[in-house]
Amino acid sequence: MEKQISNFIRALRSADVRVSTGEALDAARTLAMIGYDDRSLMKDSLGCVLAKSESEKSIHDRLFDLYFSSAPASASSSSNESESRTNSDEAPADAAERLSALTAEGNEQALATAVERAAEAAGLNDIRFSTQVAYFAQSMLRAMGGEALQARLLEALQGRTPDADTEAQRLIDVRRALTRATRERAERGFEIFGAAETERFRDDVAATKRLSAIEASDMARMKQLVAKVAKKLAVKHSRRRKRTQRGMLDVRRTMRANAGFDGVPFNVVWRQKKKDRPKILVICDVSGSVAAYVRFLLLLLFSMKEAIPDLSAFAFSYRLKCVDDILETHEFDAAIKKILREIGLGSTSYGQAFSDFKMDHENKIDRRTTIIILGDGRSNYGDPRLDLFRDFAGRAKRIIWLNPEGRALWGTGDSVIPRYQPFCAQMSHVATLKDLERAVDEVLTAYD
Amino acid sequence: MAKDKKTGYEPMTSIEAISAGLGTAGYISTTQISTAVFLAHGLRKPILIEGPAGVGKTDLAASLAKWMSLPLIRLQCYEGLDEGKALYEWKYGKQLLYTQILKEKLSELLGDAKTLAASLDKLSGFEDLFFSPQFLEARPLLNAMQQSKGSVLLIDEIDKSDEAFEAFLLEVLSDYQVSVPEIGTIRADVPPLVILTSNNVRELGDALKRRCLHLHIGFPDHAREQRIVRARVEGISDTLLNQLVRFVQSVREADIKKRPSIAETVDWARTLLLLHSSTLDEAFVRDTLNVLLKHESDIAAIAPAIPKMVREATGPDARGRLASGYPDMD
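Chains as they are written, first to last, in my numbering: chain S, 23 to 470; chain X, 27 to 356.
In case anyone wonders, no lab produced these hints; they're calculated from the structure. Every residue, glycine too, gets a C-beta built ideally from N, C-alpha and C. Among these hints, one or two may not hold up.
[Stated by the list, open to error] Derived BS3-like pairs (lysine-lysine); straight-line CA-CA distance at most 30 Å:
1) Lys254(S) to Lys283(X)
2) Lys79(S) to Lys25(S)
3) Lys245(S) to Lys283(X)
4) Lys186(X) to Lys250(S)
5) Lys327(S) to Lys92(X)
6) Lys186(X) to Lys254(S)
[Stated by the list, open to error] Residues of chain S clear of chain X, computed beta-carbon distances all greater than 12 Å:
7) Tyr58
8) Gly128
9) Glu213
10) Arg222
11) Glu237
12) Asp284
13) Leu367
14) Arg407
15) Glu459
16) Glu464
Generate the whole structure from the sequences, applying the supplied hints.
Structural data, given as structure tokens:
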């Protein structure tokens, strides 16, 4: 049973639930306390000890049901080990008889036990991808003595024994039953140990795919991914808001700390500087070519509200408009649609957008503001209003420009990107979710 | 388990015993909650409880203390909470006062010493006098360690404290000991039963989570909520109880900012009882909705649906629910 638990913990780990060695030990102690008899008690208890958040708990519960649905069989396996052992020197005929006995009616328990042992022998716990199911089912069948059965079957088909036909038919049925059992077990093994791995692999693929090429069918996955990224960044950056600044004495706290020494300052407390809270203004070009990226950038930023308490978004193609209201009052997808419909018309003009921003929202820029601009910088040959842009750059903490266009295209045609570049702290090409993550991480790191 | 004799922990022999025991303290438990308590006791680990506000996280600690007749020691966390307020402080005033009072004694004692070195020599035997437990102001954590019969230590809203404090808690929670440099390490004879609560204002560190058992308490289902309200509100009629719980349950399904928790259900039940309403009716609901919902926008969102919700809560279907709810209400 100990092995069962350690395997179960392995399954949890492969499904992204981080279980430490200490927690594994706790799990063992827990089971020693409560025993193995009551399944639901076991589930509650292990959930308490091993899963440390709500999402981990739901993963735990799902895996528990999958994993322990076969537990009784293997629990009893140790007791009747001798009878189900596969002897390598067992005569083929005996092996075939043993297997056909297993598939006989009323012997489900013994069959399950044998399958469980075969799964162990075939190393089913190492299964990673669904394509391996057939392979592992085969290995399990072999471990159960399938070759002997096959040999008997061939013999029977060649008709060397009396009643060859019925015998062959019987053996085929046995083989079919065994194949089904091993296959089912292999599939469950994949669910437990491999499914999470496959998911991770697909997540990786999605994260490195060009955002403009994401298909509708992958949208749900992308949303989950963005949520994951947002959480990771938020955790990373919402920590440590203070920094000791050596060199400046905090008189009040020093006196308090040394009251016990009659005011003689043995322990000196230095003044701490509270770090700035990130304040971010996002200005998005919502013309056709950039729209796909706007969606993910906004989704990412707005799912990080806890790390970025001060966040405003503006969208423009010709005129610029604040879209905070739309994002707050509508469900995210609907909000994006509405923004694209309302603002995404008209020919793009960066100059006009910047002058709108200057008119209506200039007071939102202060020295702790990071301005993120998402756009390709194609301004239809209009005035880029570099004077305004320089002014923004001077007042804000920094300006980060994210460009969905590849570097090779910067400055070609009506792109005025190179002219804005000197004023930006950073100008980078974003194509995938990973790029977005890096860019936002970078922005927030500047506040740490 | 000889140790358990003096801890007053004996009642925790099984999960059923815990549920029953909590019941006597007025806390309607679930299997999950009782299991967590059972394990916390058996493994000597703290429980970290997460869940929405007002579902009985803090109350669990209070009821446990009440049931086991152990002192409840509560530490409310907030930003800026530090060791001085959580662990111990020296009673500086008292130390000063004693120095003044003992001044004469001191000069008597030092009377015949001529040089500074000689005085120091004489005093050296007394130096620990002023840094002794007598002058130690025990704050909640130290206090909990010092209880000879054990205690229930409630560290409330740990997510509101700073990260530094969270790290500082690790020693206390894993070894049940605190170190005071002047005195030494103080170890709890009987480890307190520690309960931490969190509203998820910020994500807690992995190190802390790993040291705790994790328990999530969500909104209760219909039957459990009925039992809770019945336990908390005396003299409420079955009809009203059933209708009001059904109403609250349906409000929770609506898309609102802050979903009403058990605390609000109980408050509302008390309000309705005070107004002598024996059944739920539209006008009453409209007048008292502010007890249940704490945001203007939520009230506005629910208001149009009131007639329908009241109809559903008082409808014939409600009777069926009531009947099926009975077996649980032992």
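Each hint tested on the structure:
A C-alpha spacing of about 25 Å is found between lysine 254(S) and lysine 283(X), which places the hinted pair at or below 30 Å, so the restraint holds. Only pairs whose Cα atoms come within 30 Å are accepted, and lysine 79(S) paired with lysine 25(S) is accepted, the gap being roughly 22 Å. Between the alpha carbons of lysine 245(S) and lysine 283(X) the distance comes to roughly 22 Å, so the proposed pair stays at or under 30 Å and holds. Restraint check for lysine 186(X) and lysine 250(S): satisfied, since their Cα atoms lie roughly 23 Å apart, inside the 30 Å limit.
Annotation: proposed proximity of lysine 327(S) to lysine 92(X) is violated, straight-line Cα distance about 40 Å (limit 30 Å). For the suggested pair lysine 186(X) and lysine 254(S), the alpha carbons sit about 20 Å apart, so the restraint of at most 30 Å is met. Consistency note on tyrosine 58(S): stated as away from chain X, and its beta-carbon is indeed over 12 Å from all of that chain's, at 15 Å minimum. With a least beta-carbon separation of about 35 Å from chain X, glycine 128(S) lies farther than 12 Å from that chain, consistent with its non-interface assignment.
Every CB of chain X lies more than 12 Å from the CB of glutamate 213(S), the least distance being 24 Å, so the non-interface label holds. Every CB of chain X is more than 12 Å from the CB of arginine 222(S) (nearest about 20 Å), matching its label as outside the interface. Distance check on glutamate 237(S): its Cβ is at least 29 Å (rounded) from any Cβ of chain X, clearing the 12 Å threshold; non-interface status holds. Non-interface status of aspartate 284(S) relative to chain X is broken: a Cβ of that chain comes within 12 Å, the nearest being about 8 Å off.
Distance check for leucine 367(S) against chain X: the nearest CB is about 31 Å away, which clears 12 Å, and the non-interface claim stands. Distance check for arginine 407(S) against chain X: the nearest CB is about 40 Å away, which clears 12 Å, and the non-interface claim stands. Chain X leaves glutamate 459(S) outside its interface by the beta-carbon criterion, the shortest separation being 18 Å against a cut-off of 12 Å. The non-interface label for glutamate 464(S) is consistent with chain X: the shortest C-beta to C-beta separation is roughly 21 Å, beyond 12 Å.
In summary, the numbered hints that this structure violates are 5 and 12.
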